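Undergrad: Each chain is listed here by its residues.
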Amino acid sequence: MEQLGVTASLAAELDGKPVLELEAIYREHSAVVSKWVRRLWGPGAVGGSVDAEDLLQEVFLVVQRRLGSFRAEAALTTWLYGVTVLVVNARRKKERWRRFLWRRAEPELQLNHDVAAPAEKDFERAEASQLVYSILNELSERDRTLLISFELERLSGAEIAVALGISEPSVWVALTRARARFKKAFVRRYGDVAVGEGANHGLG
Amino acid sequence: MASDDPLLPWAESAEDDTPLERQFSHLFAGVPGPTSLGDVARQRAFVRVRTRASRGTRLTLVRLLAVGVVIGVSGAAAAQWAAVHWFGMQQEFVTRSAPVVVSTAPVQPAAARPASQPGTPEPAPVDAPQPASEPASSVAFPALAPAAASVSSRLGLEAASLEAALFALKAGGKANASRALQAIDQHLQKFPGGTLELEARVARVDALLVLSRRQEARRELSSLPIEKAGRKNELRLIRAELRADDDCRAALGDFQVLVDQSLPSAWAERALFGRGACLLKLGDQGAANRDFDRYLERFPSGRFAAQIRAQRR
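Chains as they are written, first to last, in this note's numbering: chain B, 1 to 204; chain X, 1 to 313.
All clues stand as given, with none of them false.
Part of the chain B face toward chain X, derived, beta carbon under 10 Å:
#1 L22
#2 R38
#3 Q64
#4 E124
#5 A128
#6 E151
#7 L152
#8 W172
#9 F182
#10 K183
Using C-beta positions, here's what the derived DEER-type ranges look like:
#11 K93/B <-> A78/X: 27 to 33 Å
#12 R27/B <-> L64/X: 32 to 38 Å
#13 R125/B <-> E21/X: 18 to 24 Å
#14 E12/X <-> R66/B: 32 to 38 Å
#15 G38/X <-> P169/B: 38 to 44 Å
#16 E21/X <-> A90/B: 30 to 36 Å
#17 E23/B <-> A78/X: 49 to 55 Å
FYI, nobody ran anything at the bench for these hints, they're computed from the structure. Computed from a predicted model, the values in this text were never measured in an experiment. Think of the CB as a built atom: it goes at the ideal place given N, C-alpha and C, for glycine as much as any other residue.
Chain X with its partners taken away, still in its complex shape (with noise of 0.2 Å):
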C-alpha cells in the first residue's frame, strides 16, 4: 500500500470508523490467505502450457466443428428453399400459360381450310379457332402477386409485373387478352432485355392468337428464339400452323422436326396432318398421301380423319 492513497483497506482501518466498518474490518482480516497450487501440480500445468494441450481445445474445436456444421447445414436449406422458391415460381409460369394456347388457340394451318386450287385434293377443314367462351365480365388485374409484393428486387417486380398479365390471359376471353396484351407490351417496355423476357413474349403470343391476330404472332415467334422456351415443341408447332399460312416450304421444317419426334398424341397428329397438307399444297401428292395414310392408321378417329377421308373421295 502506498502510503498517500486516500482510502486504508478496511482490515487496516482506524478506531474512529462507523461500527459497521469496524465490523467489516474484523471480517476482511478474517479472511486467511490462499495456498498455491502444489510444485505437481504447477508442473503439470507449465507442461500443458508449453505443448498447448488444453483440456479445452479439444472441446473447442469439436464445439467449432458443430458451429460450423449447423452453419453450413443452414445455409443449404437456404439456398435450396431460395432455389425451389424462385425456380419455382418461374416454371408456374410457363405451366400456368401453357393451357391458354392449348385450351383457346389451336391454330388452323392454312392448308387445311378449302384449297384454293381447283382440282387439288382438299383436306377438309379443321375445326376453326374457337376462342376460350367470353367471361361475363373481364378479370380485374391483381395488384400484385402476394409472393412478389414484398420483393424489391428487380426480378421480384419483373415477375409480379408479368404474372398480372398471365393472371389476365388464364381468366380467358378477348377482353381479357386484350388486356393482358397491353400489359405484357407495358412489361416489356418496362423490362427490356430482363430476366423474363421470353416468358413475356411467349405470353403475347398466346395473347394476339386469342385474339385471332394470327400475323402479329407470327411475327413474335419468328423473332423468338424457342430453344430456350420452355414450350419450344408447341411454339414450334403453331410456329409452323401460323407459317402454313402462305409458306408452307417454311412451314415443312418444322412439321418435319415435330413428326420426328416422339410427341402428345394431340400435337403429333396436328404435326403429322400439317405435314400432309403442306406437302399436298407444294404438290408432292404420293408424300402427302403417305402422311394421311399414316394418319389414319394411327389416329383413324383423330380430328382430320373425316378431312382427309373426304378429300380421296
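So that you can see chain B by itself, here it is in the shape it has in the complex (with noise of 0.2 Å):
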C-alpha cells in the first residue's frame, strides 16, 4: 500500500489549522481509491450491476461529510482507507438484501471500459483472483475485510487497526481466527489437499 503515509502535501495552511480541500484530495487519492474499492469489492465482468464509479462517488461522498471531523492523528490515507471498507462493505451487505429480496444474481463489479479484459498470460492470474474471492466471500465481513487488508493490500497490522477502529493487538488475534476460518472453508471445498500449481488450481 503505497500510498498510505502521505498526508504533508494535502495539509494547507490556514490560521495556523491544517485545510484539507476535497477537490486536492480527490486528484491525489481518488486512483487508489478506485482500486482499493475494487480490491475490496472483488473481481468481476463488465456488465456488472455495481459500478465502481458509483462507490469511488460514494466514498468521496462520505469523505466530503466527514473531512471536517478528520484529525491528522493517523495518515489521511489510512483514514480515506477505512471509508472506503465502510462504503464498500455497506454496499456489498445493501447488495446483499436486494439479492435475497429479488433473487438476483451475485452483483459483479463494473468495470470501466478503458480497462481491457485479461489477456491469455493472465488467465492462471484471474483464476487465482475468482478462487481466493470465492472463499473470502463465504467468511464474515469483517474476516473478509481483514484478509484482503492484510493479504492481498498488505497493509501493516497498525494501519488496519487504525483503519477499522480497533486495537492493534485486536487485529492480530482476529486475522489468526480469520485466517483458520479461511483455511476451513477452503478444506471444505477442496479438500485437504495441495491444490495443483498452474492453471487447472485443482479444481478440475
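Each of the two chains sits in its own frame; use the hints to bring them together as a complex.
TA: In C-alpha cells form, the structure reads like this:
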C-alpha cells in the first residue's frame, strides 16, 4: 500500500490549522481509492450491476461529509481506506439484501471500458483471484475485510487497526481467527489436498 | 508491512509453512492488483460528488416519499378504525338503550288522567304505562363486554361498566331494571364526572321509569343537560309528561318546543295531546280545543282520539 502515510502535501495552512480540500484529496487519491474499491469488492466482469464509479463517488461523498472531523492523528490514506471499507461493506450488505429480496444474481463490480479484459497470459492470475475471492466471500464481512487488507493489500497491523477502528492486538487475534476460518472454508470446498499449480488449481 | 508484525502475509510466508499455507502463498501471490478507474471515469465521479447529484439520491427520495405515503395512509386508516370503533361503541349505547323507554315506560301526563276538577272537560286517560313483561328470570350481568374487557383505559372500563347495566335494562322487567339501576348508581359513584356520565344518567331515567318511580325520574331529568343527550327530543317529551303531573306551566314549555318541531308521529301525537291537556288544565279551553281539533285531524285513529271525543260529548 504505497500510498499510505502521505498527508503533508494535502494540508494547506490557514490560520495555523491544516485545511484539507476535497478537490486536492480527490486529485491525489481517487486513483488509489478506486483500486481499493475494486480490491475490497472483488473481481467482476463488465456489465455487472455495481459500478466502481458509483462506489468511488459514494466514498468521496462520505469523505466530503466527514472531512471536518478528520484529525491528522492518522495518515490521511489510512483514514480514506477506512472510509472505503465502510462504503464498500455497506454496499455489499445492501446488495445481499437485494439478492435475498429479489433473488438477483451475485452483483459484480463493473469495470470500465478503459480496462481491457485479461489477456491469456493473465488467465492464471485471474483464476487465482476468482478462487481466493470465492472463499473470502464465504466468510464474515469482518474476516473478509481483514484478510483482504492484510493478505492482498499488505497493510500493516497498525494501519488495519486505525482503518477499522480497533486495537492492534485485536487485529492480530482477529487475523489469526480469520485465517483459520479461511483454511477451514478452503478445505471444506477442495479437501485437504494441495491444489496443483498452474491454470487448473485443482478445480477440475 | 512493519517488520515486527507477528504475522506475515501468506504471499510472503517462509518455506517452513505447511503445504496448505504454501498453497495459499501461491494463490495470494497470484492475485493481481486491481487497476484504477480511468481519468474520465474519475472526473465524472468527482463532478457528481461536487454537485451531489448522486444517481441514487433521486431514488432514495422516491423511496422516502413512498415510505411516508405508506405511513400516512396506515396512520389514517388506524385513526379511522379507532374512531369508528370508539364512536361506534358509544353510539351503540344510545341506540340500544333507546327502545327501553319507548317500549316499557311511555309516560302518562297527569292531564290525561281523570280530571279532578268537576265540570272540566276531561280527556280520556291514556293507556297506563305498562312495564315490560317480566321475564321468567332475571338476566345475569355480563362480567365485562368482550370488546371492552381488554381495554385498560378509563374509557374502556367505563364503557364496560355501563354496558353491563344497559344489558340488564334491555332485558326488560322490573327485576332487571332494579339491578340495572343499582349497577348504574355504582357506575356513577365509581366514575364521577366520567365521559359516559350523561349516558349513564339517561339510562338511570329509563330504569326509574320502568320501576314507575316517576318523581325520581323527573328529578333526574330536571338536572340533566338534555340538549347534550342523543335522545334530546324523547327526553324532553318524557320530562314534559312527568312535569305535567303537577306543573303544567313548566311542562307547557317543553310541549311547545316539541310541537313546533317535525317529530316522528308517535312523539308528535303525545306532544300535541299533552299540550292540549295542559292548556285545558290551565283553563285555556279555546287553545286546548284547537290542539284537540288538530290532533283529531292529524291522528283520527290515534291512541288519544277516543278520549278527546269522549271528553267533548
